[in-house]
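Student: So you can see what is in the structure, the chains are spelled out below.
There are 2 protein chains.
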Amino acid sequence: MQSKPTTIKEIAKILKISPSSVSRGLHDHPSIGAVTREKIKQLAKSLNYQPNNAAILFQKGKTYTIGVILPELSEHFFSTAISAIEDEALKKNYTVIFAQSHDNYEQEVKLVEKMKNQRVDGLLVSISNDTSNFDHFEKLNSFNIPVVFFDRIPPSKNVHYVACSLETATAKALNYLLKKGHRSIGMINGPATLYASEERKDGYIQAINFNRLKFDPSLIVNCDLTEKGTIEAADAFLNHKRKPTAIVAFNDYVALFLIKHFKQLNVINDFDIVSYANLPIISYIDNSPIASVEQYPYVQGQKAVNILLDLMTNPNPENQAFFNTVVEADLIINEVK
Amino acid sequence: MQSKPTTIKEIAKILKISPSSVSRGLHDHPSIGAVTREKIKQLAKSLNYQPNNAAILFQKGKTYTIGVILPELSEHFFSTAISAIEDEALKKNYTVIFAQSHDNYEQEVKLVEKMKNQRVDGLLVSISNDTSNFDHFEKLNSFNIPVVFFDRIPPSKNVHYVACSLETATAKALNYLLKKGHRSIGMINGPATLYASEERKDGYIQAINFNRLKFDPSLIVNCDLTEKGTIEAADAFLNHKRKPTAIVAFNDYVALFLIKHFKQLNVINDFDIVSYANLPIISYIDNSPIASVEQYPYVQGQKAVNILLDLMTNPNPENQAFFNTVVEADLIINEVK
DNA sequence: AAAAACAACGCAAACGTTTGATTAATTTAG
DNA sequence: CTAAATTAATCAAACGTTTGCGTTGTTTTT
Numbered sequence: 075m076q077s078k079p080t081t082i083k084e085i086a087k088i089l090k091i092s093p094s095s096v097s098r099g100l101h102d103h104p105s106i107g108a109v110t111r112e113k114i115k116q117l118a119k120s121l122n123y124q125p126n127n128a129a130i131l132f133q134k135g136k137t138y139t140i141g142v143i144l145p146e147l148s149e150h151f152f153s154t155a156i157s158a159i160e161d162e163a164l165k166k167n168y169t170v171i172f173a174q175s176h177d178n179y180e181q182e183v184k185l186v187e188k189m190k191n192q193r194v195d196g197l198l199v200s201i202s203n204d205t206s207n208f209d210h211f212e213k214l215n216s217f218n219i220p221v222v223f224f225d226r227i228p229p230s231k232n233v234h235y236v237a238c239s240l241e242t243a244t245a246k247a248l249n250y251l252l253k254k255g256h257r258s259i260g261m262i263n264g265p266a267t268l269y270a271s272e273e274r275k276d277g278y279i280q281a282i283n284f285n286r287l288k289f290d291p292s293l294i295v296n297c298d299l300t301e302k303g304t305i306e307a308a309d310a311f312l313n314h315k316r317k318p319t320a321i322v323a324f325n326d327y328v329a330l331f332l333i334k335h336f337k338q339l340n341v342i343n344d345f346d347i348v349s350y351a352n353l354p355i356i357s358y359i360d361n362s363p364i365a366s367v368e369q370y371p372y373v374q375g376q377k378a379v380n381i382l383l384d385l386m387t388n389p390n391p392e393n394q395a396f397f398n399t400v401v402e403a404d405l406i407i408n409e410v411k
Numbered sequence: 075m076q077s078k079p080t081t082i083k084e085i086a087k088i089l090k091i092s093p094s095s096v097s098r099g100l101h102d103h104p105s106i107g108a109v110t111r112e113k114i115k116q117l118a119k120s121l122n123y124q125p126n127n128a129a130i131l132f133q134k135g136k137t138y139t140i141g142v143i144l145p146e147l148s149e150h151f152f153s154t155a156i157s158a159i160e161d162e163a164l165k166k167n168y169t170v171i172f173a174q175s176h177d178n179y180e181q182e183v184k185l186v187e188k189m190k191n192q193r194v195d196g197l198l199v200s201i202s203n204d205t206s207n208f209d210h211f212e213k214l215n216s217f218n219i220p221v222v223f224f225d226r227i228p229p230s231k232n233v234h235y236v237a238c239s240l241e242t243a244t245a246k247a248l249n250y251l252l253k254k255g256h257r258s259i260g261m262i263n264g265p266a267t268l269y270a271s272e273e274r275k276d277g278y279i280q281a282i283n284f285n286r287l288k289f290d291p292s293l294i295v296n297c298d299l300t301e302k303g304t305i306e307a308a309d310a311f312l313n314h315k316r317k318p319t320a321i322v323a324f325n326d327y328v329a330l331f332l333i334k335h336f337k338q339l340n341v342i343n344d345f346d347i348v349s350y351a352n353l354p355i356i357s358y359i360d361n362s363p364i365a366s367v368e369q370y371p372y373v374q375g376q377k378a379v380n381i382l383l384d385l386m387t388n389p390n391p392e393n394q395a396f397f398n399t400v401v402e403a404d405l406i407i408n409e410v411k
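Those sequence lines, one after another, are chains Z and R.
If you count the first sequence from 1, position 202 lands on 276 in the numbering used here, and the numbers rise without skipping.
If you count the second sequence from 1, position 98 lands on 172 in the numbering used here, and the numbers rise without skipping.
Hints may contain errors.
Copies of one chain are not kept apart here, so a pair can be met inside one copy or by any two copies together.
The calculated lysine-lysine pairs, modelled on DSSO-like cross-linking and capped at a C-alpha distance of 30 angstroms, are [unchecked claim]:
| hint | residue 1 | residue 2 |
| --- | --- | --- |
| 1 | Lys254 | Lys337 |
| 2 | Lys246 | Lys87 |
| 3 | Lys83 | Lys166 |
| 4 | Lys302 | Lys136 |
| 5 | Lys115 | Lys190 |
| 6 | Lys253 | Lys113 |
| 7 | Lys83 | Lys136 |
| 8 | Lys136 | Lys184 |
| 9 | Lys190 | Lys113 |
| 10 | Lys136 | Lys288 |
| 11 | Lys315 | Lys190 |
| 12 | Lys134 | Lys115 |
Source of the hints: derived by calculation from the structure; they are not laboratory data.
Using the sequences and the hints, build the whole thing.
Tutor: Here it is in structure tokens:
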């Protein structure tokens, strides 16, 4: 019962024509007559001919595959993004392979290498948290493998990327809190090395300056994003000489740690909390953040993959121009508390 | 600066030996002398030779790729499972491609076809909610593409699968609630067509019988798993002549709808809720389910992919034996409320 | 009526690697 | 000292498809 898939050669033999004619017939090449073309197509259909992808890929030297490297697939943001990438790629008949760096620089380097060996036609990357060197991506240049970064992007403008302006988003969040009357606003920021932390800080300062207020650096604390780190940061605010009345959390996970901790201390009502990510689940919890920055993972994924497909079909000679796409992040108000 | 990857032919030319010798040298074939072998390996390394995968795949007729079809990647359960699959496959040097059925039967059929055309070496499937016909998987048999189902499995035993026994898990949940003194326990079940619904129902009945209680069928209501459907089911219980004091929800999402609704009606404290999935987030919400059935997506993914790899390397002649692996589900107690 | 254009198809090479069969050179056994 | 065995390498085919270039006839143009 071992069916072997039909090949072009077999069709050719049956029709007593050459394989090349069959190939051309199937691709509507003008040099094949209408009659033969139809005969070919009919027989192909009735034999359930399916082109051998491996053969085509090999002969064309393209794989019609795009690679995706991201930190952690089980995070909602990334699974949503990859869902978009997959949907979009499928439309254009591309295949997606992906891999997780688990926020580990060495792993990321290995994966880039693996993707290169797999001969992906292009790469989509959301960089690991402990990546500060980007040579492994530079290498791909000489192999003509375009790379588009999304969400977690390198600080350089000389790459293709899609991301939200977290600076703007943070300023929005700050303005919202200031308008609500808060005058001391704490921020639990990520590790200082992260570009995303820098952006948040800049947005914070920008909003403070814009409102002609005095910036107090001690109101921004760095945090390793673990539960333990969050609690330490929270306690620092509780003991702060200008105890904040609102806190901007690095993301919803941090916000959850924070809320849990504040509930235990029974001080949850002393704070308005604003966060990032806008996890769908967040609206179901009590004392949830009153607002969350929506970073639109699906849209980011879509745009990133489309830029990549564009780059793959119209190669960018000598990297003269870079696509820097900013997806406007929105502050989603969730004022139930 | 266009680097073309090094090929075996080039190495052969430089070393003035034949390509076949290079190939054999790289693979430690005994018929190549130690001296030549080392020369080959050295040159290969210094030229940064990377085998052209496409060529190898084509020539071997294998793709070293496994396909994964699942309903919705952004659901925590599935993103965790696929995370495991990816990790495990990477170890064995397999590549994973995946696609989402979005719980649509036609889409699933198409994807199976696409995977077949992509010539995946094996397939991992968690079936769509509206799939009741399995012919599209049967077809793969004749192409010698093994299929392993996980979590959402067909009702037949004549397939390879990895799943939890939801019957046992449900019985555990019921026993737990009965031991807590509940005598009227409602169940918001899924659509009657789902095998998973059947299992839950059986587990419910099993526990009731085991405890020599009388089974009241009206305490199990089917639900389409939407928020609207959940609210209807909940209201049915509120008006039930034997108003339940505990409710088993089909999964954590349903539980969230339910909790939200009960909170609005201010009756949340009248119920103990038990659910399935054990989303990490669930422990952060107030009035959360007092217990949740953990189905171990990571473990399921791991086992499924290992069974698949096993089947791919040791083909199962004529499908005489089927791997039916049951992962024990645990009832995680979360008694805070 | 010859030249040019065109339509419809075949030939053969190429993509990079693997592998069964073969050969040549060397060693061992009888 | 020849025959057999071993070692080390080569040859050539094969995987399925695409594509540049030829080769036929046939039709159109001058």
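Student: At 30 angstroms max between alpha carbons, let me know whether Lys115 reaches Lys190 within a copy, between copies, both or neither.
Tutor: between (36 angstroms within a copy, 20 angstroms between copies)
Student: With identical chains treated as interchangeable, where does the CA-CA distance between Lys136 and Lys184 reach 30 angstroms or less: within a copy, between copies, both, or neither?
Tutor: The answer is both: 22 angstroms in one copy and 24 angstroms across copies each meet 30 angstroms.
Student: Within a copy, between copies, both or neither: which one fits Lys190 and Lys113 at a CA-CA cutoff of 30 angstroms?
Tutor: Close across copies (25 angstroms), not inside one copy (41 angstroms); limit 30 angstroms.
Student: At most 30 angstroms between C-alpha atoms: does Lys315 with Lys190 qualify within a copy, between copies, both, or neither?
Tutor: neither (53 angstroms within a copy, 65 angstroms between copies)
Student: With identical chains treated as interchangeable, where does the CA-CA distance between Lys253 and Lys113 reach 30 angstroms or less: within a copy, between copies, both, or neither?
Tutor: neither (73 angstroms within a copy, 72 angstroms between copies)
Student: Is it within, between, both, or neither for Lys134 and Lys115, if the alpha carbons may be no more than 30 angstroms apart?
Tutor: Cα proximity of Lys134 and Lys115: in one copy and across copies (22 angstroms, 28 angstroms).
Student: Within a copy, between copies, both or neither: where do Lys136 and Lys288 come within 30 angstroms Cα-Cα?
Tutor: neither (57 angstroms within a copy, 65 angstroms between copies)
Student: One pair to classify: Lys83 and Lys166, alpha carbons no more than 30 angstroms apart. Within, between, both, or neither?
Tutor: within (28 angstroms within a copy, 34 angstroms between copies)
Student: Within a copy, between copies, both or neither: where do Lys302 and Lys136 come within 30 angstroms Cα-Cα?
Tutor: Neither: 47 angstroms inside a chain and 48 angstroms across chains, both beyond 30 angstroms.
Student: Which holds for Lys246 with Lys87 at a C-alpha limit of 30 angstroms: within a copy, between copies, both or neither?
Tutor: Close neither inside one copy (69 angstroms) nor across copies (63 angstroms); limit 30 angstroms.
Student: Could you figure out if Lys254 and Lys337 sit no more than 30 angstroms apart (CA to CA) within one copy, between two copies, both or neither?
Tutor: Both: 22 angstroms inside a copy, 27 angstroms across copies.
Student: Taking 30 angstroms as the upper bound on the Cα-Cα distance, should Lys83 and Lys136 be classified as within, between, both, or neither?
Tutor: both (22 angstroms within a copy, 20 angstroms between copies)
Hints 2, 4, 6, 10 and 11 from the list above are not met by this structure, while the remaining hints are.
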